[in-house]
Amino acid sequence: MEWLVTALTVVLLVFVATGVVPIVATGYQFLAIPFHAFKNDYRKTKPYLPRVAVVVPAWNEGAVIGASIDRLMKLDYPIESLRIYVVDDASTDNTPDVVLSKAAMYPGSVFHLRRDKGGEGKAHTLNHGIGVVLKDDWMQALLIMDADVIYEATSLRRMTRHLADENVGAVTAYIREGSSDKNYLTRFIGMEYVLAQVAARRAQNVLGALACLAGGAQLHSRRNLEDLGGRIDTTSLAEDTITTFETQISGKRVVFEPHAIVLAEEPQLIASLWKQRLRWARGNVQVTSRYKKLWFRPSKLHNLGGLSFGIFWFSILWLPVAMVLSSIGLIGLLLLHSDLAAIVFRITWILAACVYVYTIGLAVQLDGSTGRRSWREAILFPGLVSIVVMLTAFFPGLLDEKLPALFGWHISDSGHFWWTLFVYCWISLSMVGAWLARAVEATWIGKLLTPLLIYLVGYGPLLCAVTVDSYIKEARHVEAKWDKTEKTGRVLG
Amino acid sequence: MKRNNPRPSPTPRNPGDRYLAAEIERDRKAERRLIPKALLSLAMVAVLVVIRQVFFQ
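These protein sequence lines are chains Z and D, in that order.
Everything in the first sequence is counted per my numbering, starting at 1 for the first residue and increasing by one.
Everything in the second sequence is counted per my numbering, starting at 1 for the first residue and increasing by one.
Looking at chain Z on its own, in the form it has when it is part of the complex:
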């Protein structure tokens, strides 16, 4: 029997260790960020203002497309080197009228391309525009953007300068959450974008492999577009990721430019966010399968097959699995009365606390204005309960002995056991809490309860819950339709 207990203990320790991998991967990635001070592309960039065709897919974007076109026409960029092609994907609102009026206002600069049969997804819409643009040799670089994003004045020329290096195939900008009327969710998304773009993409620049060009702000050289076959992939929900991968697989670099900033409107309701993120998550599952021969296979042409990139990718993709295995491991060790339970719990959550403090501390500095506006969401990104769990691990005795003692309380052995069980389960329960937040959003109490639940369980677990939904949908082969995120023109321009 002893051998069985030992074997079980080892298995449970491995389960807990899987929960440590994403924490260490995040810490490693964020420790790479300061190296961007020296390992960046700026010595290879030169002033370069190529002729840029901007392709804007638009379905019922009447509320936003006018302002976007006006902003593009005011860019600090030579007007004779800028053409905007709005691909109207069979819109049923006033999109065509708005675009045609802008085409009349800016003759020779704005073009309306109409698809009478639409609804096939963004990639098909883009390909319609790209086909038109490639018919002559005017275009030297292609900018793909969303209809609602607002470009800051110097953002385009900050992107084009990287294409002066012929080895760069594509450049992406920082998409900052730019709603004028923010709520708790858009503030959380704002912080997420700082972490995932301003921070993590700098690390990816350093490590030499970028996971994804931003859908609303990606610039391609003509040569790269032609090497991609003159079209965007239409076979998955993750056309941006596939474009990014194919560019790098062909030996060209993809660069993140942190000083090129564009503003975008993000969802204010979990229902809308869930729809958007489910599409992205399912796309990532599809990409993982599609490139199965690439993972952990180093190549001379690119770094996508490197160890670190693979670990980052799968840490995010399998994070919910790691969270659940970690809980199972800890609970199992607790029920086996193993002394190792408390030790590995402390190690895991102390590491998590250190990485949390470092990453959030750095993120709020990297985009100070977002950090100031969203300081509550920065602090509560992992959720209030997870912060309590971190305190439990980091400062042993604080919450279960010292604090109760201040009120003359004493927690019984049974109380200790149930509290321990709860903190061991929490990382998995947090995803259930996020799911509950989504479920109650549409009810009469949702307006109050949903934000409260997200502050309690965390925004990170909300994204993990969406990832779990993507596993389920992909496993069930649910039809992968391109479900567009509705935009209403809330960007602060």
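Just so you know, not all the hints are guaranteed correct.
Keeping only pairs whose Cα atoms sit at most 20 Å apart, straight-line, the calculated EDC-like set for lysine to aspartate or glutamate is [unchecked claim]:
#1 K44/Z x E23/D
#2 K275/Z x E474/Z
#3 K46/Z x D17/D
#4 K182/Z x E166/Z
Since the hints were derived computationally from the structure, they do not count as laboratory data.
Following the hints, put chain D in place on chain Z, whose structure we already have.
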């Protein structure tokens, strides 16, 4: 000697190569601020570790 192709005057839309090169240099140097920012974040972690070691060990 007359110049047959005079350089166009800088405009906000095209401020000229010298300005754009200086902009690249400014952005390159701005990246150096990542180091003190990262060190400050690491210092925050260090403070927590010290508090733990002093008061909770």
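Status of the hints after comparison with the structure:
1. With a CA separation close to 14 Å, the supplied pair K44/Z and E23/D stays within the 20 Å bound.
2. Restraint check: the Cα-Cα separation between K275/Z and E474/Z comes to about 14 Å, which is no more than 20 Å; the hinted pair holds.
3. As the CA atoms of K46/Z and D17/D are separated by approximately 8 Å, the hinted pair is consistent with the 20 Å bound.
4. This hinted pair does not check out: K182/Z and E166/Z have alpha carbons roughly 40 Å apart, beyond 20 Å.
In summary, the structure is inconsistent with hint 4 from the numbered list given earlier, while agreeing with all the others.
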